[in-house]
Amino acid sequence: MDDSQISYAVKLPAFEGPLDLLLHLIKKNEINIYDIPIALITGQYLEYLSLMTSLNLAVAGEFLVMAATLIHIKSKTLLPPSETDEEDEEDDPRADLVTRLLEYQRFKDAAQGFELREQEWREVFYRPAPHATDGPTDEINLVDLSLFDLLEALRGVMERAPEKKGLEIVVDELSVQDRMSLVLDRLEREESITFTSLFDDDTTRLAMIVTFLALLELIRLKRVRILQAELFGTIRVWKNTNLQPS
Amino acid sequence: MEEHELTAVIEALLFVSGEPMSLERLTEVLEGTDTDKIREALDRLRQNYDAAGRGLQIVEVAGGYQIATRSECAPWIKALEKIKSATRLSRSGLETLAIVAYKQPVTRGEVEAIRGVDSAGVLKTLLERRILKIVGRREGLGRPMLYGTTREFLHYFGLKDLSELPALKEFREMAETLPEHEPIHEPASELTN
Amino acid sequence: MEEHELTAVIEALLFVSGEPMSLERLTEVLEGTDTDKIREALDRLRQNYDAAGRGLQIVEVAGGYQIATRSECAPWIKALEKIKSATRLSRSGLETLAIVAYKQPVTRGEVEAIRGVDSAGVLKTLLERRILKIVGRREGLGRPMLYGTTREFLHYFGLKDLSELPALKEFREMAETLPEHEPIHEPASELTN
Numbered sequence: 001m002d003d004s005q006i007s008y009a010v011k012l013p014a015f016e017g018p019l020d021l022l023l024h025l026i027k028k029n030e031i032n033i034y035d036i037p038i039a040l041i042t043g044q045y046l047e048y049l050s051l052m053t054s055l056n057l058a059v060a061g062e063f064l065v066m067a068a069t070l071i072h073i074k075s076k077t078l079l080p081p082s083e084t085d086e087e088d089e090e091d092d093p094r095a096d097l098v099t100r101l102l103e104y105q106r107f108k109d110a111a112q113g114f115e116l117r118e119q120e121w122r123e124v125f126y127r128p129a130p131h132a133t134d135g136p137t138d139e140i141n142l143v144d145l146s147l148f149d150l151l152e153a154l155r156g157v158m159e160r161a162p163e164k165k166g167l168e169i170v171v172d173e174l175s176v177q178d179r180m181s182l183v184l185d186r187l188e189r190e191e192s193i194t195f196t197s198l199f200d201d202d203t204t205r206l207a208m209i210v211t212f213l214a215l216l217e218l219i220r221l222k223r224v225r226i227l228q229a230e231l232f233g234t235i236r237v238w239k240n241t242n243l244q245p246s
Numbered sequence: 001m002e003e004h005e006l007t008a009v010i011e012a013l014l015f016v017s018g019e020p021m022s023l024e025r026l027t028e029v030l031e032g033t034d035t036d037k038i039r040e041a042l043d044r045l046r047q048n049y050d051a052a053g054r055g056l057q058i059v060e061v062a063g064g065y066q067i068a069t070r071s072e073c074a075p076w077i078k079a080l081e082k083i084k085s086a087t088r089l090s091r092s093g094l095e096t097l098a099i100v101a102y103k104q105p106v107t108r109g110e111v112e113a114i115r116g117v118d119s120a121g122v123l124k125t126l127l128e129r130r131i132l133k134i135v136g137r138r139e140g141l142g143r144p145m146l147y148g149t150t151r152e153f154l155h156y157f158g159l160k161d162l163s164e165l166p167a168l169k170e171f172r173e174m175a176e177t178l179p180e181h182e183p184i185h186e187p188a189s190e191l192t193n
Numbered sequence: 001m002e003e004h005e006l007t008a009v010i011e012a013l014l015f016v017s018g019e020p021m022s023l024e025r026l027t028e029v030l031e032g033t034d035t036d037k038i039r040e041a042l043d044r045l046r047q048n049y050d051a052a053g054r055g056l057q058i059v060e061v062a063g064g065y066q067i068a069t070r071s072e073c074a075p076w077i078k079a080l081e082k083i084k085s086a087t088r089l090s091r092s093g094l095e096t097l098a099i100v101a102y103k104q105p106v107t108r109g110e111v112e113a114i115r116g117v118d119s120a121g122v123l124k125t126l127l128e129r130r131i132l133k134i135v136g137r138r139e140g141l142g143r144p145m146l147y148g149t150t151r152e153f154l155h156y157f158g159l160k161d162l163s164e165l166p167a168l169k170e171f172r173e174m175a176e177t178l179p180e181h182e183p184i185h186e187p188a189s190e191l192t193n
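Chains as they are written, first to last, in our numbering: chain U, 1 to 246; chain F, 1 to 193; chain B, 1 to 193.
Looking at chain U on its own, in the form it has when it is part of the complex (with noise of 0.2 Å):
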């Protein structure tokens, strides 16, 4: 790791996830959420990406996720303008994004309402219920039982049974190291490969994320280096050698 990252602090502000970080990105730009420009988005997007991979946090898949729509999004707008026209909203490949955002940010602000009712209400206090009899404290009003209760009894009681079986639990080996050499070693092979082949061997979401994580990694690295070489091309992804791609 480079002495340079580490010698300084940076302050990175939390995100609950991808669609709080572009909330943040659109309103530090002022941008009109219906009109995002999205390379500017994508950009800032991944250098937040890049940051925090550099110290060394760890980057939720979700926020992966992202990165790989933005850069689709990105690439379809990129496109020739259809033959008509009139513009037409729906073919926007940004709207269903716009749509997300604008949802999320809904439940944002109601979240913030509730804050505001925590906050006014934590100063309520009430008087903790007496029990006639010296019964058990833990007792449960029939109206507020829940299922979780059940669940929570039934495991308490399970765990304390005795034949009790071990929970098995597969964990999935992958690692991002791994898909690192991979793409490294195809790179030996090929002279590019494009963005898309890097995820033809993975089947699940979880294994998509860590392939894209590797490429971050790589990226960050300069190992490997992203290109487009023209409008609406395909996204290759080269080997970092100092010769650039004719």
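Read the hints as simulated data drawn from the structure, not as lab findings. One or more of the hints may lead you astray.
The list that follows gives simulated cross-link-like pairs (lysine to aspartate or glutamate, EDC-like), each with its CA atoms no further than 16 Å apart [stated by the list, open to error]:
(1) Lys82(F) x Glu139(U)
(2) Lys84(B) x Glu123(U)
(3) Lys103(B) x Asp144(U)
(4) Lys84(F) x Glu188(U)
(5) Lys169(F) x Glu152(U)
(6) Lys82(B) x Glu19(F)
(7) Lys160(B) x Glu118(U)
(8) Lys84(F) x Glu24(B)
(9) Lys160(B) x Glu120(U)
(10) Lys160(B) x Glu28(B)
(11) Lys78(B) x Glu31(F)
(12) Lys169(B) x Asp109(U)
(13) Lys82(F) x Glu81(B)
(14) Lys124(B) x Glu31(F)
(15) Lys103(B) x Glu159(U)
(16) Lys169(F) x Glu159(U)
(17) Lys76(U) x Asp92(U)
(18) Lys84(F) x Glu19(B)
(19) Lys78(B) x Glu188(U)
(20) Lys124(B) x Glu115(U)
(21) Lys82(B) x Asp185(U)
(22) Lys84(B) x Glu118(U)
(23) Lys82(F) x Glu19(B)
(24) Lys84(F) x Glu139(U)
(25) Lys78(B) x Glu120(U)
(26) Lys239(U) x Glu188(U)
With chain U held as given, fit chains F and B onto it using these hints.
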């Protein structure tokens, strides 16, 4: 603090404390306030509570002050306790209920084998509350009674039928953070286009 | 029962109950008394508690009436070290809660689709705190569990019932609060750096 403010704070403190509060303790909590002033406020509070139509009173017991109900209200308080206890379930009741729900039809012996304690009393309570019922008898030695859940049970938990009971495994998965179980946004294929 | 007697009994019942008392519950306990009369008595009681110099109030919360302290007294109550206010919910907790509150009954997948992040852990925490509960299952593939809010939820946020939730802002309204800007034209060269 102004007089009526002090009375208010003391009232809130007595209410929330749940046990007698001594003058010393009140002085401690209301640091900076004179003990005499606190005593005066307590007197005022007591007078307020002695007005007609009050169901509560300030009593001086066990070396402290406490809010308590008036004895005239006792019959209704008893009625409330009775209703409340009929709608409450103890920890052991919940455990027993959980076992019956998931293992039904089940005998008392089987419930006790899992819980490791006598469960006759709890089962009886659950029968009385109509959360459980006898669904038949097991063939064989002693033909023990079989317990199962009632419609009331489904109602409490908002279930349409027993098949809606979540599995223990499902419950464990809820806590897992691997984003594997369900695609969160778009199907995987779309991402790689 | 005379008017002031009824008020007194209700006051004592609210004091003893320790949880919100619904009109139905009160009618049940005070058998033979008209619900309308009980409602009137509650109003009188509430007025009495709204007099100056009171540290307590009658609140209507989680489907019932309950005696609670006034927020002005909070600093002193907190000085009684055994009384603690509940731990605040995290940002993700509040977010998740907001979605469930407005969309209920809702599946985990639906919550995650809106939040864009895995929400299993948060949902579990909210279940543990009894702010959310499982209310059933959605028909269809996988029959995922449905989440909803509890009585504790109403209590925690001081809501009488779900109809008291403020209306969600609409898309358009929100878009107006975001700054308008000319579209920025972007070069289409490199994707990273």
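Evaluation of the provided hints:
no.	hint	verdict
1	Lys82(F) x Glu139(U)	holds, 14 Å
2	Lys84(B) x Glu123(U)	holds, 10 Å
3	Lys103(B) x Asp144(U)	violated, 20 Å
4	Lys84(F) x Glu188(U)	violated, 75 Å
5	Lys169(F) x Glu152(U)	holds, 12 Å
6	Lys82(B) x Glu19(F)	holds, 12 Å
7	Lys160(B) x Glu118(U)	holds, 14 Å
8	Lys84(F) x Glu24(B)	holds, 13 Å
9	Lys160(B) x Glu120(U)	holds, 15 Å
10	Lys160(B) x Glu28(B)	violated, 20 Å
11	Lys78(B) x Glu31(F)	holds, 13 Å
12	Lys169(B) x Asp109(U)	holds, 8 Å
13	Lys82(F) x Glu81(B)	violated, 33 Å
14	Lys124(B) x Glu31(F)	violated, 42 Å
15	Lys103(B) x Glu159(U)	violated, 35 Å
16	Lys169(F) x Glu159(U)	holds, 14 Å
17	Lys76(U) x Asp92(U)	holds, 9 Å
18	Lys84(F) x Glu19(B)	holds, 10 Å
19	Lys78(B) x Glu188(U)	violated, 67 Å
20	Lys124(B) x Glu115(U)	violated, 19 Å
21	Lys82(B) x Asp185(U)	violated, 63 Å
22	Lys84(B) x Glu118(U)	holds, 14 Å
23	Lys82(F) x Glu19(B)	holds, 15 Å
24	Lys84(F) x Glu139(U)	holds, 11 Å
25	Lys78(B) x Glu120(U)	holds, 15 Å
26	Lys239(U) x Glu188(U)	holds, 8 Å
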